[in-house]
Structures are given as C-alpha cells and as structure tokens.
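Peer 1: The primary structure of each chain is shown beneath.
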Amino acid sequence: MNTATSQARELTYAQAINEALAIALERDDRVFLMGEDIGVYGGAFQVTGGLYERFGPERVMDTPIAELAGAGIAVGAAMTGSRPVYEFQFSDFATLAMEQIVNQAAKMRYMLGGGVSVPVVMRFPAGSGTGAAAQHSQSLEAWFAHVPGLKVVQPSTPHDAKGMLLAALDDPDPVMIFEHKLLYKSKGVVPEGYYVEPLDKAVVRRTGEDVTIVATSIMSVRALEAAETLAQDGIDAEVVDLRSIRPIDRQAIIDSVRKTSRLICVYEGVRQLGIGSEIAAIVSEGEAFDALDAPIVRLGGADCPLPYNPQLERAAVPQVDDIVDAARRLVGGRI
Amino acid sequence: MGYVEDKVDGMPAVLRTVPEAAWRDALRKMILVRRFEESAEQAYMRGLIHGTMHLSIGQEASAIGMTMLLSDDDYITSTHRGHGHCIGKGADPKRMFAEFFGKETGYCHGRGGSMHIADVSRGNLGANGIVAGGLPIAVGAALSVKKQGRDSVVVCFFGDGANNEGAFHESLNFAAIWKLPVIFVCENNRYGMSMSVDRSTAVSHVSQRAASYDMPGVTIDGNRLIDVLQAAEEAISRARAGGGPTLIECETYRIRGHSKSDRNRYRTREEIESWGARDPIALFEKQLLEWGFVDDAAVQAMRADVEDEIKAGLDFAQESPAPRIDELTRDVYTAAAHAPQRGTAQ
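These protein sequence lines map, in sequence, to chains B and C.
Using our numbering, you'd call the opening residue of the first sequence number 1 and step up by one each time.
Using our numbering, you'd call the opening residue of the second sequence number 1 and step up by one each time.
One or more hints might be untrue.
Said to hold, decoys possible - Stretch by stretch, here's where chain B covers chain C in the computed footprint (C-beta under 8 Å, at least three residues):
#1 29-36
#2 101-108
#3 123-133
#4 323-334
If you are wondering where the hints come from, they were derived from the structure by calculation, not from laboratory data.
Backbone N, C-alpha and C fix where the C-beta goes; we use that ideal spot for every residue, glycine too.
Construct all of the structure, not just a fragment, from the sequences and the given hints.
Peer 2: Here it is, written out as structure tokens:
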C-alpha cells in the first residue's frame, strides 16, 4: 500500500463530484439524485456518469424537463426524511424554480417556527466561457446569497468540490452549490474516501504582503495565475478563495486586508450589487477600514447579458490579465 | 356530481367502514373549524389580530372529510385558506389562536401567522402563502414515502386558482409517471380571489385535467361530507395499494371574501345566499340526525363543548408571551443541536 501515491491521486473537478455522489449514495440510503438527463446520459457535463449503472433508477432519477416541480419535489422529500440532490442542467434554469427555492426551501423552517428542516442539496453548473450565450452562461449565485435560509457555496478545486458536497449532504439546511463549468475538467489532488470541507470558511490559497485578492469560484484560479505574474514584478499578492458566499467568512477577509492594506474583489457575476459589493462593504464598515491604503477595486461581470462571440464573451468577465493590471495599478498608486 | 350509490339499508357503503364515533367527531370538528374562524374574525375586527386571514367558512366538509381517514403518519400540504385542514389533521386550536395573536406559544412561535399555521408533528407540512406552492412539496413527500417503503399517503389541498399554475401541471405529471401515493384535492370555491373559474379555466371541471396525466379524476359535491369521505376513501385506498395519484375536485364555496380587503364586487348577494343555504355543517348535521347517530341534545352539548374550547383557546392566546425580539433570527437555520437525524417531519 503506497499511501503517498494514493494521497497524491489527481481527479478532475467533475470526477471529484462524481466520487462524492457515489460515496454519499453508498453510505446513506436516504440519499438520491434527481435531475434532467443524469441517468444513462450521465448529465449534460458528465458529472453523474456511471452512477445510474451502479445505483439504479431509484437512486439516480431522470426527471422530466420541469424544474419548478423538480426542485420542489426535492424540497418536499427533504422535509420528510430523504436527502435529495437536485441537479440543474444549467444554473440559468434555476430561474424556472425560484418559487420553490426562495419561498419554500429557504423559509420553511422559519415560517413553521423551527418545526422542520429542509436538508436539500442543489447543484448548479454556472458561468461563461463555453460559447453558450446569454441563457446558458450566467453566474446568478448572488441572487441566492441574498436569501436568508439558504447556504451558498462555490468550490474552486476538485478537493473542495468533493469535500463541500459531502458536507452539504450532512448539513440540515438547504445548500446551493455553484460549480463553474470551466472547472469541470480542471485537475487536482483529491483524497480517497469520505471527508468534508466546511461550508462557511474561506481559504488562503497564496499568502502575500502587498495586495489581497478575494475571489470566488474560477476567479480564485485566475487570481492564483495572476499572482505568479505579479510575483515577477515584485508584487506579492495574497489570494483568498471565499468558497462560501452565504455564510460569508468576514474574518478571513478582514484579516487579510489588515495585513496587505489593499483589496481587489474578483467574481464573475454582474459587478454591480454583486459579491464584491458585499466584500467591499465588510471592509469599509469594519475593523479593516483603517488598514486600507488605497481604494477597493471590484472586478466583476460586465453590465450586459453574456454574448456569443468568443472575444466578446472573454471581455464580459474578468480574465487573468485584468487581475494583473488592476493589481499593478493599485500597488503602483495609480488607482 | 354525487357519489356512486352503493347503499346498504339505504345508507352509503362508506358508513360500514367508519365507526359511529368518527362521524360525531367529524361533525364536532366541522363546528370547531367554523367557530375557530368566526372567533378569529371577531378578534380581527376588535383589533386583537393584525395582518390578514383567509377564511374557509362554507368549505368545512372538504377539509374534514379528506382528513378523517388519515393518521399522524400521513401527510397533508395546505393552502393560505388552511385552518380547516390544520384542525382536520389534529392541530390544537389554542396553539392556532396563539399563532394568530403572534405569540411564542403559537405553532410557528409567532413567525408564521394565519398563512403558515401547521402542526408538523401531526404530518401537516404547512399551509402555504403561494398558490400551488404546496403541490411539488406534496409530491416530494410522497416520493419519500415510496422510497421508505411506508404505506402513508399525502393529501395535497389547493384551490381552483392553483389549477392554472405551472406547478400544478408539473406536479401531477411527476406524481403520475412515478405512481406516487398522493391525492390532489382541489377545493373549487368558484373564485381565485375575484376571477371566476369559468373565466380562468379552459375546462368546465378541474377534474378533467386528470385525463392529461392519466390519473382518475372526479368532481364531487364538496359541501356534503359523506361524498367527500367516499371519494377520499377510494383515492386513499388506491394510493396505499400502490395505484398512484388521484385528482378530486370538491365543488364548494367560500361564504366570506377572499381576504379581509375583499368588498365582494365580483359576485352577487343572491349567489352567496344560495350557497349559504347549502351549509355543509347543516347538511351533515341533518344527515346524522336522520341516521340516528346524534340527537338534538347531543348536538347542543357538542356546540357547548366547542364554545368552551374556543374560549379557552382565546384566553390561552391572549395570556401567552410574545416572542423575544432578541430571538428574531432564531430558526433561520437549524442549530447544530437540533439537526435532524432523519428529517424532523416524519
């Protein structure tokens, strides 16, 4: 048994989710999966491939194209002793199910005075970069993060994709997991077997002294790449992967900004009223305010629907170069 | 309209399956629902209750008839007009009053009010402020039941207004393709707020919608408890036996307005009075008297007993403590100590 080899095992992000789902189905007979084309087809992004063959149609349930009832059935099942995982084929299709997510799943416990919990997990393939245009590319996670009662996470690595999904399945409340589609093929070290990652803690991916970059989802990957370029300029960036946007790890943001005195927020959702707006507010209102040496910078999605043309599509969301450029100007005193 | 006549000695067959005491209990519950709502309305008029409420006065037969055969292991989902369903499923009026009064002792600890009162411990998965909001949840509960190998059923109440919502159609289809033990009960009281079902709905009977989902659909006289019970028994038996869902349309009428803001501009006094003459409580009481299950003295005693319960409930509600302001955000999430092992509602 070569422990070192097994611990260094690499999986893609999609494989890591698949493994988490398999472990959950194996260890807990309350767990089942629902979604469009998740059975024989294996899911639009092949995340559930092989699970239908292994666990059968009662545990891996293809649904009609009916997101409102699909999501609501998962909510009702979760209220009555089941642990459903509902896959939206694209996060954009959650618009069809907002009633059940926002009015029912999020509020049921509170409305009923604590008489019930709703341990439902929903998965949302999100984000742009696939040439799928305006109705298949959005990053709507901030909408959900605005709703008390939900938990909203955005794992950025295969390791976290597995550990946070398993944690979500052990959580008593509704957990919304936003998975960036471009991450599905990214690779990383994933431990074998069962483990959980917290649903409320940010992670410092790279320590640095000069500027804090707080990023979500794929933007934390881009921020790390930008940090390597910046290092060649002598700029030492700290990258905080937020991982969860509800609850939000305020202390991790404050601690980093107090150290570096500069803050860039990077996220793919539309810039205004987005996650970066909340991060900026946390710093402005709190104990990190006095530490700031420069204005806060928000890099977010452009103020338009996601376009089809690849150059336009790239321009619509922050890229590595945008982060590098913003950090150079911020540290150079040009913002 | 009406039920299949299968009479033994001039009485419907369903009488053979329900003990005499259950009939008396049903009449008492119908009276209790009526008096609960009338008393809540009075308290509202006197300024003791704020917000709004949706009264089901005139619809008691469908609420009680559909819940009579259920146990605590069975589920219901309810609506904004849900006080009758709630009492039918075993809730204590005193904690319902307390919820109306916004008190900590209410079923929702003052967080829900009239539109969310539910005793979850008795299998009530909640009244619901969203038209058709409860339908997918009911189907989800039925899916749990099937997966867990239980013989429970789910009774899903909704109004005629819900039958044009997408959630209605999606839910019926899901229940049918997965053959789930759910009974869809449309309380057709003729109006979705002000819009009559004749103007809102393409088919003449909501039960016709069942054909699209290949499930049995029936329209019954929702003001006659015996008819409701007969349809309920058939649908519940089918569901428990694995035969899948049923759509039951109970034709009834709400005597009061939609909510407290309603000025009844969309219907005539004559129409309201004609339905008032078919009061479900009077109809059922008359039947029980005819069958000799009660006499006048017993009904009088029953009414007096209900009055005592109502008074005690109102006193309890008024004397109960208000929620603590510093507990405003309690129960937004499940505290670790309360995390359920297998969902708290089962």
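Peer 1: Are the hints correct? Go through all of them and say.
Peer 2: Against the structure, the hints come out as follows:
1. 29-36: Coverage by chain B is violated for the stretch 29-36 of chain C (0 residues, Cβ < 8 Å).
2. 101-108: With 3 residues close enough to chain B, the hint holds.
3. 123-133: holds (count 6)
4. 323-334: With 6 residues close enough to chain B, the hint holds.
Checked against the numbered hints listed earlier, the structure breaks hint 1 alone; every other hint is satisfied.
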